[in-house]
Each structure stands twice: as structure tokens, then as C-alpha cells.
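J.: Letter by letter, the chains look like this.
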Amino acid sequence: MSTESMALDKPRSPRRPAARRSNFELHSWVFMRISGVLLVILVLGHLFIMNILDGGVHRINFAFVAGRWSSPFWQFWDLSMLWLAQLHGTNGVRTIINDYARKDTTRFWLKIVLYTSMVLIVAVGTFVIFTFDPNIPAD
Amino acid sequence: MSRAVSSEDTRSEAERPGPKPAPVPEGSRPVSVKIQRFNPEFDDEPHWETFEVPALPTDRVLNLLHYVKWYLDGTLAFRRSCAHGVCGSDAVQINGINRLACKVLLKDMLAAGKQTTITVAPIKGLPVQKDLCVDMEPFFEAFKAVKPYLIAYGNEPSRERIQSPADRERFDDTTKCILCAACTTSCPVYWADGSYFGPAAIVNAHRFIFDSRDQGAEERLDILNDVDGVWRCRTTFNCTDACPRGIQVTKAIQEVKRALLFKRV
Ligand code: SF4
Ligand code: FES
Numbered sequence: 000m001s002t003e004s005m006a007l008d009k010p011r012s013p014r015r016p017a018a019r020r021s022n023f024e025l026h027s028w029v030f031m032r033i034s035g036v037l038l039v040i041l042v043l044g045h046l047f048i049m050n051i052l053d054g055g056v057h058r059i060n061f062a063f064v065a066g067r068w069s070s071p072f073w074q075f076w077d078l079s080m081l082w083l084a085q086l087h088g089t090n091g092v093r094t095i096i097n098d099y100a101r102k103d104t105t106r107f108w109l110k111i112v113l114y115t116s117m118v119l120i121v122a123v124g125t126f127v128i129f130t131f132d133p134n135i136p137a138d
Numbered sequence: 000m001s002r003a004v005s006s007e008d009t010r011s012e013a014e015r016p017g018p019k020p021a022p023v024p025e026g027s028r029p030v031s032v033k034i035q036r037f038n039p040e041f042d043d044e045p046h047w048e049t050f051e052v053p054a055l056p057t058d059r060v061l062n063l064l065h066y067v068k069w070y071l072d073g074t075l076a077f078r079r080s081c082a083h084g085v086c087g088s089d090a091v092q093i094n095g096i097n098r099l100a101c102k103v104l105l106k107d108m109l110a111a112g113k114q115t116t117i118t119v120a121p122i123k124g125l126p127v128q129k130d131l132c133v134d135m136e137p138f139f140e141a142f143k144a145v146k147p148y149l150i151a152y153g154n155e156p157s158r159e160r161i162q163s164p165a166d167r168e169r170f171d172d173t174t175k176c177i178l179c180a181a182c183t184t185s186c187p188v189y190w191a192d193g194s195y196f197g198p199a200a201i202v203n204a205h206r207f208i209f210d211s212r213d214q215g216a217e218e219r220l221d222i223l224n225d226v227d228g229v230w231r232c233r234t235t236f237n238c239t240d241a242c243p244r245g246i247q248v249t250k251a252i253q254e255v256k257r258a259l260l261f262k263r264v
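Quick note, the sequences are listed as chains W and V, same order. First residue of the first sequence: 0, per numbering that gives the first Met the number 0; consecutive thereafter. First residue of the second sequence: 0, per numbering that gives the first Met the number 0; consecutive thereafter.
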């Protein structure tokens, strides 16, 4: 009996590779939903503080930024916003590249550019948030 | 050989050889049928051709295609078999939306008081072979890849496999699929990259995944969990709109996603 059902398996042998049993796409899908919700709060909060509250953009200067980043809370806020936005955006663009790149080489190089830019921006941003020195002369 | 009918010919018009005059049924009105044509032997690119066809409100778009093929241009190629929405061979793009030509009534398309133009194009995302005929092989390949047949292990039961009405209900919607490809070829993700399994394959996987008699759910879920599986779906609902059988296609895809997410069928 079981040999018969084996014979039925994959009629006309499909051209697709066997499933890789990886949960990567599932996790990236879940990450997009969760980071999306968090980003709505983080980004709208950020925009509200920066542009509307207390005179908005006009009060932003070196001292204002220095003051905020002296608090671990705002450091954490900006850090999570940076990481989440970068990963969320990168994953979105990765999906678009997967959809629209026709050739494997194009896909490969576009992704290299994408991942390099993401790593650079995340690294520089994280570095600035952690090593920001409020005492450098602000001209 | 000349096809001219000599004056001595005493046969009635219908019996004479040669092209018959195109009949114009009583109560019909002329409609422009704009068809995307492509003949791989002569054309590099598809082009549009318009035919004037007398249409009755009770006609279906398929009747117009028949009229063109039978009376105006016999070279027109399209598929149809049952002509009653059962076989799924005549999915085409009508006025930009995927429909079965045999299920779209003219009375819903005739514009009051002005000339009606109906465009008919092949479904998108599959290679066009000729005119409205597309190569369905990639579509069936994705269908076969999800193992759309009962998988059961162990000894074969000596009697019928019993199922409760509630268990049957879970996959009732997806049993209705006639594999017309209207859903898959309305999906923008499928247009862009044909390696996506597409809604129809997922619908047919759903039909077995949620069947209590089947034991292959895990294999199929593994297949649909991969890069070309359900996670490529962006929930655009084009497939649900396109399905001539009224299957809630997007919902079926979401149910598969949920089964993967919560590891529960
Ligand atoms: S799900 Fe509907 S649209 Fe898709 S192939 Fe089946 S019958 Fe056609
Ligand atoms: S001809 Fe069979 S479904 Fe339209």
C-alpha cells in the first residue's frame, strides 16, 4: 500500500526544489507586523515631539538634542526607532527585490547594496546615539 | 477555386458552399469586441483587433467570441469546453478583469444609448500561445507541487472514511475550485514573479490541509512555508474578486498562514 502512495507522490516530477523547512519567511512576516505597529507609535510620537509640541521645529538646536540624549529613555526611543525602521524598511525592499528582479545576478547585487547600506546606517546611528558628547562646542 | 455562387445554383442559402453571411439575430445591437491577438508564427508583439458583433442582452461574452470565430475570423483561438462555468477553460480578461467568458452576461455590459466596447485579452502572467490561449503548464506545476490528493498512512480502512459535517464544513469553500487560473493570473505577485505558488495552488492545498481524513497537512504546510509560499501574499484580494466560483480565496490563504503561525490545523 505504502509503495503505491509513494508512486503517486510528485506526479510528472515538479520542477520545484524541495521545501527547505525554514521558518525565515514566517518570522520576517511576523516581524513586519510587530515592527509596523511599534513604528507607528515611535514615529508618530517622534514627529509630535519634534514638530508640534512647544513651538515645534523652531526650538530644535544642539542643546535641545543634547538635552534629550542625556536621558536613557530618549536614547532607547531613538535607538529602537532606528533599528526597527531600518530592519522593517530593508525587509520591505528585500521583498520588492525578490518580486521584481528578473535575473539572479541582479537580485544578488541589489541585495548586497541594500544590506550594506542598512548595516552602515544602523552602525553609524547606533554609534552616534551611544557616544554623543554634549560638550563639543556647538559653534 | 472561385467561391462565387452561380445563378444556376438552386440550393438554399444555408446549403451553398463558401462563407455564410453572418446572421444578425432579431433584437440584437452591434457591439465592438476588441480582442488581443497574437499569432506566434507572424507576430512579434500582441496587437488589438476590433470586430463588430450583433449581441443580444441574453448573450454571454463567449457567444461573441463564437460569433467572431464562426462568422468573422476563423483564425481566432480561444479555449472553451462546457460553456456553463464548470470546466474552467475559458478564463480571460474581460474589460480588464479576470472572468469566465461563459459566465459574463451581455445585459450587464451593454451601455445604455451608446456604442459598447468589450475588450477581451488573455489572462496575465502565463505565456501566450496564441490569441487568448495561454500556456497553463506553470500553473498546473504549482498546483501539483502542493500535493493535491489524499495522503493517508497506515493500513487502508476496510470501510468508508467517516467525517463529521462540521469537519467537512472547514474546507467546503475550497472544494469548489475548477482550476480556471483566474485568481492566480489576477495576482500582482504572480505577475511579477512566476515562482510564487499563487492563490489557486494554495486553495487546493487548503482543501486537503483542513480535511480531517488527510494526513499530509504537515508536508503541504512545509511547502507553503518556503520563500514561494503563502508569505508572499500581500492580501490584495484580487483573487477573491476574480474567482468565478465565489471562493473566499484570500481567506483560505489567511487560514493557511494562521495554521503555520500557530502550528495548529
Ligand atoms: S480558486 Fe477560483 S479563480 Fe482560482 S482557480 Fe479555483 S475556481 Fe478559478
Ligand atoms: S467554458 Fe467551461 S467554464 Fe466556461
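Everything labelled a hint here was simulated from the structure, so no lab data went into it. Be careful, since some hints might not be right.
Straight line, CA to CA, 35 Å or less: simulated DSBU-like cross-link-like pairs of lysine-lysine [said to hold, decoys possible]: (1) V:256 <-> V:102; (2) V:129 <-> W:102; (3) W:110 <-> V:250; (4) V:68 <-> V:123; (5) V:123 <-> W:102; (6) V:106 <-> W:110.
Calculated Cβ distances over 12 Å to all of chain W for the following chain V residues [to be verified]: (7) 36; (8) 38; (9) 57; (10) 88; (11) 107; (12) 178; (13) 194; (14) 218; (15) 233; (16) 244; (17) 247.
Covered stretches of chain V, going by a simulated chain W footprint (3 or more residues, C-beta under 8 Å) [claimed, not checked]: (18) 91-103; (19) 128-135.
Predicted model, so just to flag it, every value in this text is computed and none were measured. From the three backbone atoms N, C-alpha and C, an ideal C-beta is built for every residue, glycine too.
J.: Decide, hint by hint, whether the structure agrees.
T.: Going through the hints against the structure:
no.: 1; hint: V:256 <-> V:102; result: 31 Å, holds
no.: 2; hint: V:129 <-> W:102; result: 26 Å, holds
no.: 3; hint: W:110 <-> V:250; result: 32 Å, holds
no.: 4; hint: V:68 <-> V:123; result: 22 Å, holds
no.: 5; hint: V:123 <-> W:102; result: 20 Å, holds
no.: 6; hint: V:106 <-> W:110; result: 51 Å, violated
no.: 7; hint: 36; result: 26 Å, holds
no.: 8; hint: 38; result: 26 Å, holds
no.: 9; hint: 57; result: 42 Å, holds
no.: 10; hint: 88; result: 20 Å, holds
no.: 11; hint: 107; result: 34 Å, holds
no.: 12; hint: 178; result: 15 Å, holds
no.: 13; hint: 194; result: 8 Å, violated
no.: 14; hint: 218; result: 8 Å, violated
no.: 15; hint: 233; result: 9 Å, violated
no.: 16; hint: 244; result: 24 Å, holds
no.: 17; hint: 247; result: 20 Å, holds
no.: 18; hint: 91-103; result: violated (count 0)
no.: 19; hint: 128-135; result: violated (count 0)
In this structure, the hints that do not hold are numbers 6, 13, 14, 15, 18 and 19, in rising order.
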